[in-house]
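Peer 1: Those protein sequences? They're chains D and A, same order as listed. Position 3 of the first sequence, counted from 1, bears residue number 3 in the working numbering, the numbering being contiguous throughout. Position 36 of the second sequence, counted from 1, bears residue number 36 in the working numbering, the numbering being contiguous throughout.
Note that these hints are calculated values from the structure, not bench results. Hints are supplied without guarantee of correctness; some may be wrong.
[Claimed, not checked] Partner residues are not named here, just some residues of chain D that face chain A (Cβ under 7 Å, in silico):
| id | residue |
| --- | --- |
| 1 | G30 |
| 2 | C31 |
| 3 | T32 |
| 4 | R33 |
| 5 | Q34 |
| 6 | T35 |
| 7 | Q41 |
| 8 | S47 |
| 9 | L50 |
[Unchecked claim] Per the computed footprint, the stretches of chain A lying under chain D, defined by three or more beta-carbons under 8 Å from a beta-carbon of chain D, are:
| id | segment |
| --- | --- |
| 10 | 32-39 |
| 11 | 42-56 |
| 12 | 116-128 |
[As the list claims (entries may be wrong)] Per label pair, the in silico range of CB-to-CB distance:
| id | chain 1 | residue 1 | chain 2 | residue 2 | range |
| --- | --- | --- | --- | --- | --- |
| 13 | A | L11 | D | F52 | 44 to 52 Å |
| 14 | D | E24 | A | E116 | 12 to 20 Å |
| 15 | D | T21 | A | L57 | 32 to 40 Å |
| 16 | D | L49 | A | Q73 | 53 to 61 Å |
| 17 | A | A108 | D | C18 | 31 to 39 Å |
| 18 | D | A64 | A | I162 | 57 to 65 Å |
| 19 | D | V45 | A | M153 | 56 to 64 Å |
| 20 | A | V68 | D | R28 | 50 to 58 Å |
| 21 | D | F52 | A | A65 | 49 to 57 Å |
| 22 | D | G4 | A | R102 | 45 to 53 Å |
| 23 | D | Q41 | A | M153 | 53 to 61 Å |
Each residue gets a CB set at the ideal place from its N, CA and C atoms; glycine is no exception.
Next come the chains, spelled out residue by residue.
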Amino acid sequence: MAKGTIRNEIRRMRFEHCEMTQQELADRAGCTRQTIIVLEQQRYVPSLLLAFKIAKVFGTTVDAMFKMEEA
Amino acid sequence: MKVIFYSIIALAAAFFAFYIPVRRAQRRLPPIELPPGESMPVTPLQRLARRSLGLVLALTLAAAAVVVLSGVQVWWESDAVRLSATGLLLAALLVFTFYTSRIWSWTARDDGSLDERDRAILAGAPAGQAPAMLVTLAAWMIGLIETHQGTHMVHSAFLYLIFWSCLMVSVLAQLAGVVTGYRRS
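Start from the sequences, fold in the hints, and give me the full structure.
Peer 2: Right, here's the structure in full:
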């Protein structure tokens, strides 16, 4: 199976949603701001539950937020 | 004795032979970019672990200083000295109990104070406990054998010291595992 990385659109979505702050997103998704920062820097892959929560905050789907890039 | 000593040296060398490439690979992670003038926010667990580590380390070192400065014989025979060292160690355990109870409380509340990344770091934190305790036991073994080789008699006070040192090293290793976990991830 090919190795891959999960990339996300959190930073872009935040700015498209009235420049939502990282803290506001963290509060609404039920995680810490540090987790949002490492997610935006593509250094952490969230669980399916957190991925759904983040997608719900932006009113979109997990598919639209997270993409797998094959190495 | 020399065989045991060189075996431990060989094991330590093997550990570092594996550890250094892993650390190098981790350094290849891109650095976290933050807006100018802004530092990485500290999570509640990170703050609690740092403070607990500092307190437990200070209390443990203070207890060790009491034992070392008074000498094992005096420390063991004087109730006041022995109780003061034990009191410091119990205070350190109290700090660790407070740390653990805060984590339980955050887990029960589930309000975002402790998120899934924190839980992953917590789960990986005990990884250093067993090696740290083994190194402590090895240090005690080598030290006691080297110093009491001639008499073949070891003071029973050392059993007490071995127990406490292993317990405190285990606690410190777990707290250090949380603190370093945030740097690695």
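Peer 1: Hints first: check each against the structure and report whether it holds.
Peer 2: Okay, the hints, checked on the actual structure:
Given the 7 Å rule on beta carbons, the hint for D/G30 holds: about 4 Å separates it from the nearest Cβ of chain A. The beta carbon of D/C31 is positioned within 7 Å of a beta carbon in chain A (closest approach about 4 Å), and the interface hint is therefore held. Because the smallest distance between the Cβ of D/T32 and any Cβ of chain A comes to about 5 Å, under 7 Å, the interface hint for this residue holds. Satisfaction of the interface hint for D/R33 is found here, the shortest Cβ-Cβ separation to chain A being roughly 5 Å, below the 7 Å cut-off.
For the restraint placing D/Q34 at the interface with chain A, the shortest Cβ-Cβ distance is roughly 5 Å, inside the 7 Å limit, so the hint holds. Checking D/T35 against chain A: minimum C-beta separation of about 5 Å stays under 7 Å; hint holds. Interface hint status for D/Q41: upheld, as the beta-carbon distance to the closest one in chain A is roughly 5 Å, under 7 Å. For the restraint placing D/S47 at the interface with chain A, the shortest Cβ-Cβ distance is roughly 5 Å, inside the 7 Å limit, so the hint holds.
The closest approach between the C-beta of D/L50 and any C-beta of chain A is roughly 6 Å, which is under the 7 Å cut-off, so the hint is satisfied. Counting residues of the segment 32-39 of chain A whose beta-carbon sits less than 8 Å from any beta-carbon of chain D gives 3, enough to reach three: the coverage restraint holds. Here's how the segment 42-56 of chain A fares: 4 of its residues keep a CB closer than 8 Å to some CB of chain D, so the rule of at least three is met and the hint holds. A stretch counts as covered by a chain when three or more of its residues have a beta carbon under 8 Å from one of that chain; for the segment 116-128 of chain A and chain D the count is 3, and the coverage holds.
Hint check: A/L11 to D/F52, Cβ distance near 45 Å, so the stated range 44 to 52 Å holds. At about 19 Å, the beta-carbon gap between D/E24 and A/E116 stays in the expected band of 12 to 20 Å. The supplied range of 32 to 40 Å is met by D/T21 and A/L57, whose beta-carbon atoms lie about 36 Å from each other. Range check, D/L49 to A/Q73: about 58 Å between beta-carbon atoms, so the 53 to 61 Å window is met.
Between A/A108 and D/C18 the C-beta distance comes to about 34 Å, which sits within the given range of 31 to 39 Å. About 58 Å separates the C-beta atoms of D/A64 and A/I162, a value consistent with the hinted range of 57 to 65 Å. D/V45 and A/M153 have their C-beta atoms about 57 Å apart, which keeps the hinted 56 to 64 Å range intact. Separation of A/V68 from D/R28 is about 53 Å and conforms to the stated range, judged on CB atoms against 50 to 58 Å.
For D/F52 and A/A65, the Cβ-Cβ distance of about 52 Å falls inside the hinted range of 49 to 57 Å, so the restraint holds. For D/G4 and A/R102, the Cβ-Cβ distance of about 37 Å falls outside the hinted range of 45 to 53 Å, so the restraint is violated. In this structure, D/Q41 and A/M153 meet the distance hint of 53 to 61 Å, their C-beta atoms being roughly 59 Å apart.
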